[in-house]
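Asks: Here's the letter readout for the chains.
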Amino acid sequence: MDNIKQINMSKRNIILFLLMSVLAVGTVCGQESGSIDSAKSEKIPIWDNGFRIGLTSQAQLVLPATLTAPDPYVKSQPGFGGENGIELSYHFGYFGVSLGLTFGTFRVFNFKPYFDNAPGADYDDPDFWFHNQFHHYSMVHNVFLPLKFEFHYPFNDKFAIMADIGTKLAVGYQLMMTYGDMWITTYEEAAMKPLFASLVTDVGFYYRLPYGDLIRGSIGANVGFQHVTDGEYWYQNPSCNVEGEGTFFSRNTNFNIQAAYIHTFHRYKQRHVTETAWKSELPRHEFQFNVGDPVLTANSSSIGFDNFFYDLFRGFPFTYSATYWTHPVGDYPITRIVPTFSFNYHYRAIKWLWVGGLATVSGLHNTWHDRFTDEVTGHGSEVHITLMPDLRFSYLNREHVTLYSGFGLGLNMKLMKDPHLYGEKTQSYYGLAYQLTAFGVKAGAKHWFGDLELGYGDKGIISAGFGYEF
Amino acid sequence: MKKSIKVIIVMVAAVMMAGCEVGEGELMKTKTGHLMYLGWTDDINGIIYNIVEPAFNLNAWVQAPEEQKPEILQNHFYSNAVIDVLSDHSWQIRIDGTSALLRVVLVNGTSLAETGAKMRLLYTKDHDYSAWANTVFVLENRGNGVWNLYSEDGQIYLQFTLGTPEVPESLFETSLTIAGAGTFVERTVISHCSGDVCTEETYFTYLSYDILQPFEVSWTQNANQHNWASEFVWSDYFTVLSAGKVQLQALDEEGQGNTADVTLLNTEEIEIEMDGIVQRRQV
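Protein chains in written order, with this note's numbering: chain A, 16 to 485; chain B, 33 to 315.
So here's chain A without its partners, still in its complex pose (with noise of 0.2 Å):
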């Protein structure tokens, strides 16, 4: 009878343990507590610094090919061309500096026929006035690497204006192509460059949008110093009786109007400055000392005699094998298990992740006692160590309170000796070790705090205890 009372008082001192942690971390958590997401976090600036990432969209009109003579029947004439990309920026103050790869027009030959002059005009001829009124067209895109300086000056929070300068880069090619048609045939040679520079211009506007990406509207120039090919053209018109023939240059040059959707990265730039300050805020080093249950130790022991799962919950009865009942009764023991002890460090890699290890210490003693004069007759013990590594997953993170879950997996060794059952050696087993923590509460203040875990493993189903961070 006094064994069964020592029994259930044991288990009213587990019971009274957990309601204290619970006690304890309910005390720490009612403490006034700060939050770094909101109240402290750092605002960064409407019209934010830093990377911009854009597609860009323009429309051309491109300054006429050259002719190297005036001709009487040929005029050169300006066209229409395009050019859309994308543009990597960085800012500075009112200033930037761009880098874009965009794909488009990089000539245009836009040759109309003037035959009405000649001689042997007759517009009444179809043939004429159809060779009259056609158009030599031709267009030639290439890749451009444009690298701009900016100037930016926001005039309120949606506006601002923008005026930049720089040079585009052309990739060289060689070019040598012959067009033709019914009337006039152009035979151009590029220029054998690796790279055509031209001087670009732009000014315009931003628009802000409300959730922080710009839209850019803005006209320019982009003047080319450099021939970007050189050409022949000859022609005969066979109804008025003409023939002739010339050269042409042409340069990359043309006026253009620009649109561009910018992305600021405002949003993570800001959830950036929130993220990062936390390391100002919270501690990245954790030392935890906790106590839990040994229920894990005791169902995988070898030297205690019931399950102590089973015998916690009351169990279905387990009548063992008939041969059971013939052994001899002899000594009886006293199984006392301790508390799982562990100890746990965890750095704060990122702010709700956490990298660390796990030793837990447990173990079983049995004292041995005569049946019938209850004399000790020895004793025999059980340790089961393990070790692990482990992660941590962090939820809330205050400066006062933190929840989280986690898991580890290592090794676990038991050393064991009983020599009541099991002869005087000293046994050694290893095994996995898992932690899984499924909810876990820590609290406290300078540097200090208390925590409640529940989980499953080594550690414990539920395990209590204090640490030190900083």
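These are computed hints drawn from the structure, not numbers from a lab. You may find that some hints are simply not true.
[Claimed, not checked] Which chain A residues stay away from chain B? Per the calculated CB distances, all over 12 Å, these:
| id | residue |
| --- | --- |
| 1 | W62 |
| 2 | G235 |
| 3 | N381 |
[What the hints assert, rightly or not] Only some residues are given here: those of chain B computed to face chain A with a beta carbon under 8 Å:
| id | residue |
| --- | --- |
| 4 | C52 |
| 5 | G57 |
| 6 | L67 |
| 7 | E233 |
| 8 | T237 |
All C-beta atoms in this analysis are idealised placements derived from N, C-alpha and C, irrespective of residue type, glycine included.
Chain B: place on chain A using the hints.
Replies: Chain B only, in chain A's frame:
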């Protein structure tokens, strides 16, 4: 905050100082007697559910008009159970898909109703090492609700006293007390495997019982599983022993073993006496 930390530290220190006592501790003195008693009640339950109850069920089935037979079969037997009529006084109950078989012969007549009526029963099933398996039992009507059950080899004897002088369709319809003395032969088969080759060793334990005070049996109508021919069957009834005393002795093949007197104090508590040591413990 400092107070909270102190509370935590004191709390942890307190737990560290006190190792919890687990297991049965001093109750281990009578652990063997407890195990013997649990094994014995397993045997009693096995006989009730596998021998006696099917005997009454079959008797009702035999006596019933044809149109009522399917209902009786449905009510009392496993859903795959089939009753084969072997002759006008012998039957066998089997479960399709298993090797379970209960052979039944009404020895002197076609009913258990008359005093002196006897029914022979033999339960067999492959790999069933229960103490009641492969044993020929005789159930005899001694009149006034008293029924004797004994094995033909003379090892097992139990006397069932029902709360009614009539022959019940089911034991669960009436109260029951159990008395008697005998020996259950427990077989423990242990397989030793080396690679794909396994050998079996059989150990015999002789569990003798002498019921010093009849055991009272009641049925609770909690849904529970019982075992018919080692197949789980859902039943509304559950055997509960509420009073009685039995002397148990377990011996191995060399005659070594233990003796225990077990008194059932109520449905949940027993008192075990072994070698002069008396302890009470939960059933």
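Asks: Look at each hint and say if it fits the structure.
Replies: Checked hints:
1. W62: holds (44 Å)
2. G235: With a cut-off of 12 Å, A/G235 remains clear of chain B, as the shortest Cβ separation is near 64 Å.
3. N381: violated (9 Å)
4. C52: holds (4 Å)
5. G57: holds (5 Å)
6. L67: holds (6 Å)
7. E233: The hint is violated - B/E233 has no Cβ within 8 Å of chain A, the shortest such distance being about 11 Å.
8. T237: Result: holds, 4 Å to nearest chain A Cβ.
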